[in-house]
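The chain contents come next:
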Amino acid sequence: MTDPLFWHRLQFGFTITYHYLFPQLTMGLALLIVVLKAIALRTGKSGYDDAARFWIRIFGLNFAMGVVTGVPMEFQFGTNWAAFSRRTGDVIGQTLAMEGIFAFFLESSFLALLVWGERKLGPRRHFFTSVALLVGSWLSGYFIIATNAFLQHPLGHELGADGIFRLVDLGAFVSNPWAIAQYLHNQMAAVVTASFVLAAVGAFWLLRSEHREVASISLRTGVVAGLVASMLVAFPTGHNQGRLVAAHQPVSLAAMEGRFESGSHAPLAMIGQPNVPARRLDNPIHLPSLLSWIAYGDFSANVRGLNDFPENDWPGNVELLYYAFHIMVGLGTLFIAVMGIACLLLLTRRLERSRFMLWLLALAFPFPYIANTAGWMAAELGRQPWLVYGLMRTAEGGSPTVHGGTTLFTTLGFAGLYLVLGLLFLSLVMREVSHGPRALRPTFEN
Amino acid sequence: METIWFAVAAVMVAIYVVMDGFDFGAGGLHLLVARNDRERRQVLAAIGPFWDGNEVWLLAAGGVLFLAFPAVLAAGLSGFYLAIFFVLWTLILRGIAIELRSHVEDRLWRSFWDASFTVASALAPVLFGVALGNLLRGVPLSAAGWFALPLFESFSPSGALGILDWYTVLVGLFALVAILHHGALFLAWRTDGEVRARSLAAAARLFPATIALWILATVATARLAPEIPQNLAVRPVAWLATVLFLAGLAGTWFARRAGRDLAAFLGSCAFVLGLLAATAASVYPTMIRASTAADSLTALNSAAAAHSLRVGLLWWPFGFLLAALYYVVLFRLHRGKAQAAAEGEGY
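From first to last, the protein sequence lines are chains A and B. Okay, so the first sequence: first residue is 426 according to this note's numbering, each after it adds one. Okay, so the second sequence: first residue is -16 according to this note's numbering, each after it adds one.
These are calculated hints, taken from the structure and not from any lab test. The structure presented is a predicted model; accordingly, all values stated were derived computationally and were not measured. Here a beta-carbon is modelled for each residue, glycine too, at the ideal position from N, C-alpha and C. Any given hint might turn out to be false.
So these bits of chain B aren't anywhere near chain A, every CB distance computed over 10 Å [what the hints assert, rightly or not]: (1) Leu15; (2) Asp35; (3) Glu82; (4) Leu91; (5) Leu110; (6) Ala126; (7) Ser141; (8) Arg179; (9) Gln213; (10) Pro219; (11) Gly231; (12) Phe237.
Here are the in silico distance ranges between beta carbons for each label pair [to be verified]: (13) A:Leu466 - B:Pro191: 52 to 62 Å; (14) B:Leu304 - A:Ala597: 24 to 34 Å; (15) A:Ser471 - B:Asp20: 23 to 33 Å; (16) A:Gly741 - B:Leu304: 54 to 64 Å; (17) A:Pro548 - B:Glu88: 52 to 62 Å; (18) B:Asn214 - A:Asp738: 34 to 44 Å; (19) A:His673 - B:Pro300: 30 to 40 Å.
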């Protein structure tokens, strides 16, 4: 395998997937920390402050990992995707530069204050610091998604005869409807991850009868936020995103559903294995007509299958795209069910005594990470074979002077480095969880 | 318009070097000036609130290049491919060392991260210096605007080119020494007791080395790229920058001897800032110098289209002001000498 493009794609896919494990938690957690601190400020209950303090420590660790794994992402546009950067920098350089100057400075300036500055700042100013982190991290997310939306559904540009994309309308580029839909969907999914993590740690402590007050606060906050966010992920945000895909990337929709034949009353595939050589979905279990309704709001609408499109416009990996999409949707549905039941138990005051539910929540936290990752895989695999949808193919984007051997070298380097980082991160988070929340020490000791 | 963005990019890079430079320098001296755990946490407390923000200047400078000079960003990053990844891995190791060190109260854990932090902090300015050396010496750009350089080849700037040769290594060493001097003065200003005394002693030793390497690097640059001194001679902006860095150099020496720590550090800032500004003003409009001059990537032939540049100028100053404002707030909140934080309450 000496094709440099393969290694460029593998490296970017690996490093971005790994990187996004951290921001999805910090973006969601930033919101929940603001909620915890707001409740503490209003009610004066110190348990909420203790909970916020513990989660800020977890936030700090995740944030550090997000920063160090995020820096390479910015550089890879130039190192591995130089032809792409040269052709699109006029447009996406805007949002990437905005992210640096509007979001990263805000986050980096207030992070140390949030993590270490509680006593120095006092409760009110410390609360505003947590709001600044929320604004910074969510702004950063918007700029990245606006950049990605340009690749998914390019707007606000003109394509010159020299192959260079030039910015024509900054407003249209930044307020791309695709960006807004994808942003809302993505942010709600980030809140789902944070909610499951809060609920898992709370449930874990309750099962061990430790740190009861903070455990109970974390569990309740996680379960309530988790139900709200899981429902918002599906409807309206996920639904809107699906309709945009149907309207602008019909060939991706067909591949996501493993649909080869066109026709009206399209059924929704619940399960089944795409058999691309035979152009069919093996062992399907279908819900009749539902895909037509989801895609076009009409049970009898025609949904085109892959056979309608030239094969060289198909997403390169139909099978993986199909599974990524189905894993995302399947897990998203389960999240609503789990959090719904947990909220019912909470309302009837049985949640903290239901050992089964506590076990389930304590073990469930990896699944939102999987669902978020699968969702992004669906978006990015679905964009293939295009780098800028319909205008520039992925094969045209790589760096012309970088060969496969070099890229494999750096990919292996990242694999080793990230393995070590991951082990360190996990062991430190486990230490924090087993240590539990700490009280704010009243005096300075040295 | 291209000239404005060239100046913006140069200013961003210069601010980055001054800012991240002080924490690189402090890190490079970490093992030397801080001998026990309390002193080491004092060093980390001095840079802790700033290092992450300082690194953002690099990303922000990269953002400016992406927006205004995409062809330069694309050619530079892909051409120096392997070297860029060494920079990235160094920065990753360094960030992790700072953030993880104080999470565990264990002697071995902490000495491992202290050593990693020192090595990575010292390596980063060398790598950046080598990069600057490559840009000044020139790279084998093709007419299409691409190049690829091996890490090393003949080790001579006039033979077969590699990223490392005696000239680029010289610039790298100069960068290291100047940045260590810069960091020592920062620590002298921000700490007290033994750490401050050792930092001042280190600065006193590093100062003559900085001047010696600066002279060597300047002479070598003038020989390899004769247009730089020629441009310098006729450009008033470059004169201003030269006055700034010479004044900084003299000021930092006098202020250190007079025991005025902040003034000495500011003198060093003026030296670093002025030197980079004088360099930028003398190479303008060249951004990546080609071995054959006609193929150089310049601010004029590789800028984004006029509309992008104009639109960028509408929002960019606003963002820059905000960033500056955060820095004012940050330095005000952390004014005074840095104390080692209590266990579990800081770096």
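**Message:** So glutamate 82 (chain B) supposedly isn't at the interface. Is its beta-carbon more than 10 Å from every beta-carbon in chain A?
**Reply:** Non-interface label on glutamate 82 (chain B) violated, nearest chain A Cβ at 4 Å vs cutoff 10 Å.
Worksheet item: Are all C-beta atoms of chain A more than 10 Å from that of arginine 179 (chain B)?
Response: Its Cβ never comes within 10 Å of chain A, the nearest being 17 Å, so this holds.
- Reported absence of serine 141 (chain B) from the contact zone with chain A (all CB gaps over 10 Å): Holds: least Cβ distance 22 Å, greater than 10 Å.
Check: Between leucine 304 (chain B) and alanine 597 (chain A), does the C-beta distance stay in 24 to 34 Å?
Finding: Since the Cβ atoms of leucine 304 (chain B) and alanine 597 (chain A) sit about 26 Å apart, the hinted range of 24 to 34 Å holds.
Practice task
Could you let me know if the closest chain A CB is still more than 10 Å away from the CB of glycine 231 (chain B)?
Solution key: The claim stands: glycine 231 (chain B) keeps its Cβ more than 10 Å from every Cβ of chain A (closest is about 26 Å).
- request: Beyond 10 Å from every chain A Cβ: check whether that's true for phenylalanine 237 (chain B).
  value: holds (33 Å)
Please settle this one: alanine 126 (chain B) was flagged as non-interface, so is its CB more than 10 Å from every CB on chain A? holds (13 Å)
Q) Does the Cβ distance between histidine 673 (chain A) and proline 300 (chain B) fall inside 30 to 40 Å? A) holds (35 Å)
- Query: aspartate 35 (chain B) clear of chain A by more than 10 Å, beta carbon to beta carbon?
  - Reply: Aspartate 35 (chain B) not clear of chain A: closest Cβ-Cβ about 4 Å, inside 10 Å.
**Minimum Cβ distance from proline 219 (chain B) to chain A greater than 10 Å, as the annotation requires** = Non-interface label on proline 219 (chain B) holds, nearest chain A Cβ at 29 Å vs cutoff 10 Å.
Notebook entry, point to check: Is the Cβ of leucine 15 (chain B) more than 10 Å away from each Cβ in chain A?
Noted result: holds (23 Å)
Holds or violated: the 52 to 62 Å window for the beta-carbon distance between leucine 466 (chain A) and proline 191 (chain B)? holds (56 Å)
In the structure shown, a violation is registered for the earlier hints numbered 2, 3, 16, 17 and 18, in ascending order.
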